[in-house]
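Same order as they appear, the protein sequences are chains V and X.
Per our numbering, residue 14 is the first one in the first sequence, and the count goes up by one each step.
Per our numbering, residue 14 is the first one in the second sequence, and the count goes up by one each step.
You may find that some hints are simply not true.
You can't tell identical chains apart in this list, so a pair holds if it fits in one copy or across any two.
Said to hold, decoys possible - Heads up, simulated DSS-like pairs for lysine-lysine below, C-alpha to C-alpha not over 25 Å straight-line:
1) Lys142 to Lys161
2) Lys142 to Lys180
3) Lys160 to Lys180
4) Lys161 to Lys180
5) Lys160 to Lys171
Simulated from the structure, these hints should not be mistaken for laboratory data.
Small disclaimer: the values here were computed from a predicted structure and weren't measured.
Listed below, chain by chain, are the residues.
2 protein chains.
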Amino acid sequence: MASVNLDPGAANLPYEPDVDIRDFIDLQAVMQNYELGPNGALILAADLVATRINEIQEALEEINPDYAILDTPGQIELFAYRQSGPFIVSNLQSEGTTILFLFDSTLVSTPSNFVSIALLAASIQLRLKMPQVSVLSRSDLLGPNLKKVMSWASSTVKLEEALSAEKRGSYELDTTLLRDLVRAGIAYELYPVSATTREGILDLSAVITRQLNQGEENEE
Amino acid sequence: MASVNLDPGAANLPYEPDVDIRDFIDLQAVMQNYELGPNGALILAADLVATRINEIQEALEEINPDYAILDTPGQIELFAYRQSGPFIVSNLQSEGTTILFLFDSTLVSTPSNFVSIALLAASIQLRLKMPQVSVLSRSDLLGPNLKKVMSWASSTVKLEEALSAEKRGSYELDTTLLRDLVRAGIAYELYPVSATTREGILDLSAVITRQLNQGEENEE
Chain V
14 MASVNLDPGA ANLPYEPDVD IRDFIDLQAV MQNYELGPNG ALILAADLVA
64 TRINEIQEAL EEINPDYAIL DTPGQIELFA YRQSGPFIVS NLQSEGTTIL
114 FLFDSTLVST PSNFVSIALL AASIQLRLKM PQVSVLSRSD LLGPNLKKVM
164 SWASSTVKLE EALSAEKRGS YELDTTLLRD LVRAGIAYEL YPVSATTREG
214 ILDLSAVITR QLNQGEENEE
Chain X
14 MASVNLDPGA ANLPYEPDVD IRDFIDLQAV MQNYELGPNG ALILAADLVA
64 TRINEIQEAL EEINPDYAIL DTPGQIELFA YRQSGPFIVS NLQSEGTTIL
114 FLFDSTLVST PSNFVSIALL AASIQLRLKM PQVSVLSRSD LLGPNLKKVM
164 SWASSTVKLE EALSAEKRGS YELDTTLLRD LVRAGIAYEL YPVSATTREG
214 ILDLSAVITR QLNQGEENEE
């Protein structure tokens with residue numbers, strides 16, 4: 014297993030990446046050389062990641078791992094909604110690719126926030142065009158609410174009921190549209206994990222492996 | 014009409030805001046005082062915007078405009094998917110609020126990218142919990158493709174056909190789910206505008222005014 018940091022804007026990482034884009038792109042240098050403020054520099058740096066795909070590839074080939082886990086730029090808009098994200102995802106050579114989309118547990122504690130993140134997940138999957146697994150990260154932070162949140166993923170009926178019970182303004186997303194989105198299956202197959210308690214890590218590994226193997230079979 | 018810049022990370026604005034969060038939050042100072050890199054500073058600055066809501070409110074009251082247009086932080090994740098966005102949207106006093114969600118014309122030129130942005134729009138509306146209007150910005154950049162893109166918004170049949178015709182990998186968003194999302198009406202009512210050619214500005218103003226008036230009527 015090799016870890017790859019693709020976030021040029023990362024300040025302190027809680028792990029030591031085996032391959033680090035910050036060895037190829039220096040954010041402070043970008044700010045100075047292009048005379049950009051922090052926001053402009055982050056956008057340009059995220060775009061520049063795509064231009065360093067060969068360096069990343071070579072560094073990975075030297076390690077030659079069975080699996081590589083890539084940590085993408087912290088802000089979705091710098092990666093998925095710009096050219097560089099889809100480009101990197103499609104062009105980094107591998108026998109298989111799976112996107113892990115994180116439902117952050119602090120963002121999904123109400124039914125409408127849960128559906129909001131599920132919609133974001135679907136949006137990202139359409140942009141990156143790869144198999145994708147939804148992961149409920151930092152599951153330990155939900156405490157007793159974990160069971161409730163997981164029920165919204167496993168049962169469209171429970172999710173519909175929770176949305177109806179939620180106090181909602183009359184001007185929000187059209188109720189019929191919301192109901193139809195839920196019934197279409199917008200929120201499904203969610204895997205809870207906690208880096209702190211290690212809960213769910215084995216199950217998630219199994220899902221990823223199965224999905225990557227399926228990918229190989231389908232290509233044969 | 015008053016313009017308000019709520020983006021502490023904005024470097025150069027193509028307009029002169031009547032109220033500017035950068036008068037209350039200095040991004041460079043945030044970087045220094047909190048010893049943060051550009052990314053950390055942008056996140057903190059975006060969060061700090063919510064703490065300055067009174068200053069923004071007072072500055073607006075001094076101007077006392079009929080309408081105010083607020084430019085939110087450039088990256089959706091710094092606003093909508095953190096507490097400060099929903100907080101500001103709910104707590105800034107006004108007789109009515111409408112969110113303008115921009116479909117950037119460079120991001121929606123293929124059917125799957127179009128649906129991806131429509132999903133993002135729905136996700137945002139669920140987070141901000143306000144009436145929302147979808148605007149196709151920089152419509153002039155689409156040239157002859159504008160008609161095609163607008164047809165995807167006005168006709169679910171045309172959008173379904175375009176998605177079927179699009180070359181898509183077998184591992185992307187489930188075909189049935191995608192079809193159901195389209196049929197649920199995920200992409201509808203899109204208003205094209207161009208700041209360059211002025212196309213669509215009058216129509217958009219009419220839509221916004223109508224929506225704000227409807228809001229007032231519903232509250233009576």
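How the hints compare with the structure:
For the homomeric pair Lys142 and Lys161, the shortest alpha-carbon distance between copies (22 Å) is at most 25 Å, but the shortest distance inside one copy (30 Å) is not. With identical chains, the CA atoms of Lys142 and Lys180 are at most 25 Å apart between copies only, with a shortest distance of 11 Å across copies and 35 Å within one. For the homomeric pair Lys160 and Lys180, the shortest alpha-carbon distance inside one copy (21 Å) is at most 25 Å, but the shortest distance between copies (39 Å) is not. For the identical chains of this complex, Lys161 and Lys180 are intra-copy neighbours only, at 17 Å inside a copy versus 39 Å across copies, given an alpha-carbon limit of 25 Å.
For the homomeric pair Lys160 and Lys171, the shortest alpha-carbon distance inside one copy (12 Å) is at most 25 Å, but the shortest distance between copies (41 Å) is not.
Hint compliance for this structure: no hint is broken.
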